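Q: First to last, the protein sequences are chains W and X. When you line the first sequence up against this note's numbering, it's residues 1 to 111, in that order. When you line the second sequence up against this note's numbering, it's residues 112 to 230, in that order.
Quick caveat, the hints were computed from the structure, so don't treat them as lab data. Any given hint could turn out to be false.
Result set (BS3-like, lysine-lysine): computed pairs, CA atoms no more than 25 Å apart in a straight line [claimed, not checked]:
#1 X:K124 / W:K47
#2 X:K156 / X:K188
#3 W:K68 / W:K55
#4 W:K44 / W:K55
#5 X:K156 / W:K107
#6 W:K68 / W:K47
#7 W:K68 / X:K177
#8 X:K177 / X:K156
#9 W:K107 / W:K68
Just so you have them, the derived chain W footprint on chain X, three or more residues with Cβ under 8 Å [to be verified]:
#10 148-159
#11 163-173
#12 216-229
Since this is a predicted model, take the numbers as computed values, not measurements. Quick reminder that beta carbons are idealized off the backbone N, C-alpha and C, glycines included.
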Amino acid sequence: QSALTQPRSVSGSPAQSVTISCTGTSSDVGGYNYVSWYQHHPGKAPKLMIYDVIKRPSGVPDRFSGSKSGNTASLTISGLQVEDEADYYCCSYAGSNTLAVFGGGTKLTVL
Amino acid sequence: QVQLQESGPGLVKASETLSLTCAVSDSSIISSGYYWGWIRQPPGKGLEWIGTISHSGSTYYSVSLKSRVTVSVDTSKNHFSLRLTSVTASDTAIYYCARRNRPAAFDIWGQGTMVTVSS
Numbered sequence: 001q002s003a004l005t006q007p008r009s010v011s012g013s014p015a016q017s018v019t020i021s022c023t024g025t026s027s028d029v030g031g032y033n034y035v036s037w038y039q040h041h042p043g044k045a046p047k048l049m050i051y052d053v054i055k056r057p058s059g060v061p062d063r064f065s066g067s068k069s070g071n072t073a074s075l076t077i078s079g080l081q082v083e084d085e086a087d088y089y090c091c092s093y094a095g096s097n098t099l100a101v102f103g104g105g106t107k108l109t110v111l
Numbered sequence: 112q113v114q115l116q117e118s119g120p121g122l123v124k125a126s127e128t129l130s131l132t133c134a135v136s137d138s139s140i141i142s143s144g145y146y147w148g149w150i151r152q153p154p155g156k157g158l159e160w161i162g163t164i165s166h167s168g169s170t171y172y173s174v175s176l177k178s179r180v181t182v183s184v185d186t187s188k189n190h191f192s193l194r195l196t197s198v199t200a201s202d203t204a205i206y207y208c209a210r211r212n213r214p215a216a217f218d219i220w221g222q223g224t225m226v227t228v229s230s
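Sequences are here, hints too, so could you generate the full structure?
A: Here's what the structure looks like:
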């Protein structure tokens with residue numbers, strides 16, 4: 001099972017919006033509506049931001065939204081804030097044997 | 112509030128076995144209905160799913176690690192464990208345990224524990 005493909009880095013200015021893509025195959029991203037996104041600040045535990053492609057856990061700001069088209073999922077962060085600067089990882093269900101496959105991660109820089 | 116805490120040796124010799132434990136507080140591993148997993152992050156690299164165990168004891172492993180990994184549960188201590196055999200330098204990583212509440216969605220994580228494989 002290969003890792004999902006994410007851009008290495010993205011950047012944006014405060015108040016702007018950015019979108020991070022996550023490309024897989026019909027065996028993972030495209031085959032199930034089970035994509036999640038994690039925010040990871042170095043030295044801390046990853047934090048679940050989106051699950052089931054579009055759902056936000058309690059406490060996650062509605063500035064964070066998820067979507068999917070075909071084999072590509074996306075995380076959009078609107079109204080960028082300095083504290084959003086972090087690494088972001090997507091993760092997809094890939095069947096009853098491979099319960100999870102992660103993307104390579106995207107470093108978000110808020111300029 | 113459910114909390115997870117990893118524990119185990121921070122240094123393991125190459126070719127030996129890495130063993131870690133994840134203590135779960137304020138939630139029963141067996142009766143909660145959740146799945147419980149291990150994820151790691153090598154230095155400078157991304158997250159990698161290692162394996163998951165269900166509340167009923169079914170196990171699921173990464174294809175690339177399957178031959179060396181065992182995840183198990185100790186119901187008496189309410190913790191679950193990771194065992195990785197024949198380790199090499201490429202197994203050096205921060206190891207996290209986490210609760211899975213939906214497919215591919217890990218909603219509660221431990222703080223992580225760094226394991227270094229030495230030659």
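Q: Examine the segment 163-173 of chain X: at least three residues should have C-beta closer than 8 Å to a C-beta of chain W.
A: Coverage by chain W holds here, the residue count being 3 at a Cβ distance below 8 Å.
Q: Mind checking the alpha carbons of K177 of chain X and K156 of chain X for me, to see if they're no more than 25 Å apart?
A: 20 Å, holds
Q: K156 of chain X and K188 of chain X: Cα distance at most 25 Å?
A: 33 Å, violated
Q: Is K124 of chain X close enough to K47 of chain W, meaning Cα to Cα at most 25 Å?
A: 31 Å, violated
Q: Tell me if the straight-line CA distance from K107 of chain W to K68 of chain W falls inside 25 Å.
A: At roughly 20 Å apart (the allowed maximum being 25 Å), K68 of chain W and K107 of chain W satisfy the hint.
Q: Between K68 of chain W and K55 of chain W, is the straight-line Cα distance small enough, at 25 Å or below?
A: 12 Å, holds
Q: Check the hint pairing K156 of chain X with K107 of chain W against an upper bound of 25 Å on the C-alpha distance.
A: 12 Å, holds
Q: For K68 of chain W and K47 of chain W, compute the direct alpha-carbon distance and say whether it is at most 25 Å.
A: Distance of about 20 Å is within 25 Å: holds.
Q: If you draw a straight line from the CA of K68 of chain W to the CA of K177 of chain X, is it 25 Å or shorter?
A: Judged against 25 Å, a Cα distance of about 30 Å means the pair is violated.
Q: Is it true that the CA of K44 of chain W sits at most 25 Å from the CA of K55 of chain W?
A: With Cα atoms ~23 Å apart, K44 of chain W and K55 of chain W stay inside 25 Å; holds.
Q: Between the segment 216-229 of chain X and chain W, are there enough contacts, at least three residues with CB-CB distance under 8 Å, for the coverage claim to hold?
A: n = 7 at 8 Å, threshold three: holds.
Q: Report holds or violated for chain W covering the segment 148-159 of chain X, Cβ cut-off 8 Å, minimum 3 residues.
A: Answer holds; 5 residues pass the 8 Å Cβ test.
In this structure, the earlier hints numbered 1, 2, 7 are contradicted, and the remaining ones agree with it.
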